[in-house]
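Visitor: Sequence:
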Amino acid sequence: MHYFSIHTQEGDHLGFFIMLPDNESENPPQSGRFAVKLQSENPPQETAAVRALAACQNTGTPLYWALEKDHVALFDDNAALGRIRGEYLTLAGQTLVLNDLTGTL
137 MHYFSIHTQE GDHLGFFIML PDNESENPPQ SGRFAVKLQS ENPPQETAAV RALAACQNTG
197 TPLYWALEKD HVALFDDNAA LGRIRGEYLT LAGQTLVLND LTGTL
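Under my numbering, the first residue of the sequence shown is numbered 137, with each subsequent residue one higher.
Treat the hints as calculated values from the structure; they're not laboratory data.
Just so it is clear, CB atoms sit at the ideal spot from N, CA and C, and this is done for glycine as well.
Do not rely on the hints blindly, as some may be mistaken.
Unchecked claim - Label pairs and their calculated CB-CB ranges: (1) M137 x Y224: 18 to 24 Å; (2) Q181 x N214: 15 to 21 Å; (3) A215 x N178: 29 to 35 Å; (4) E160 x Q181: 32 to 38 Å; (5) T226 x Y139: 18 to 24 Å; (6) G222 x A190: 21 to 27 Å; (7) R221 x E177: 25 to 31 Å.
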C-alpha cells in the first residue's frame, strides 16, 4: 500500500491518495486499485481541483492504476481518468502535487 497527501501547486492540502497493488510481491508493482479521500477537518474551498478529486471519491465504480512506460495511468472500467508522473497527479486537466507519506506513517 502506498499513501500520498494531495496538494495544490500553491501548497494547499486537499486530501489523500492511496494505491493498493494487485500483487504485493511484485517489485515494483505493475497495477492495482486506488482511492481518493478529500480532507475532512478543514474542507478545501470548491475549486476545479477539488471537483476533480471529488469525482474520484464519490464514484461507485472501482478505480484502477497501471504502470506504463514513464508514468502511472489512472482509469475506471470505462475510461482514462488521469495519470501520475513523478510527483504530479493530473486529473480532469488539473495538475496536483503528491507528497509520499508511506515511509512516514
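Visitor: Are the hints correct? Go through all of them and say.
Guide: Hints versus structure:
1. M137 x Y224: 18 to 24 Å: holds, 21 Å
2. Q181 x N214: 15 to 21 Å: violated, 30 Å
3. A215 x N178: 29 to 35 Å: Between A215 and N178, where Cβ atoms are some 31 Å apart, the hint holds.
4. E160 x Q181: 32 to 38 Å: Holds: the Cβ-Cβ distance is about 37 Å, inside 32 to 38 Å.
5. T226 x Y139: 18 to 24 Å: holds, 19 Å
6. G222 x A190: 21 to 27 Å: Given about 24 Å between the Cβ atoms, the range holds.
7. R221 x E177: 25 to 31 Å: About 29 Å separates the Cβ atoms of R221 and E177, which means 25 to 31 Å holds.
Checked against the numbered hints listed earlier, the structure breaks hint 2 alone; every other hint is satisfied.
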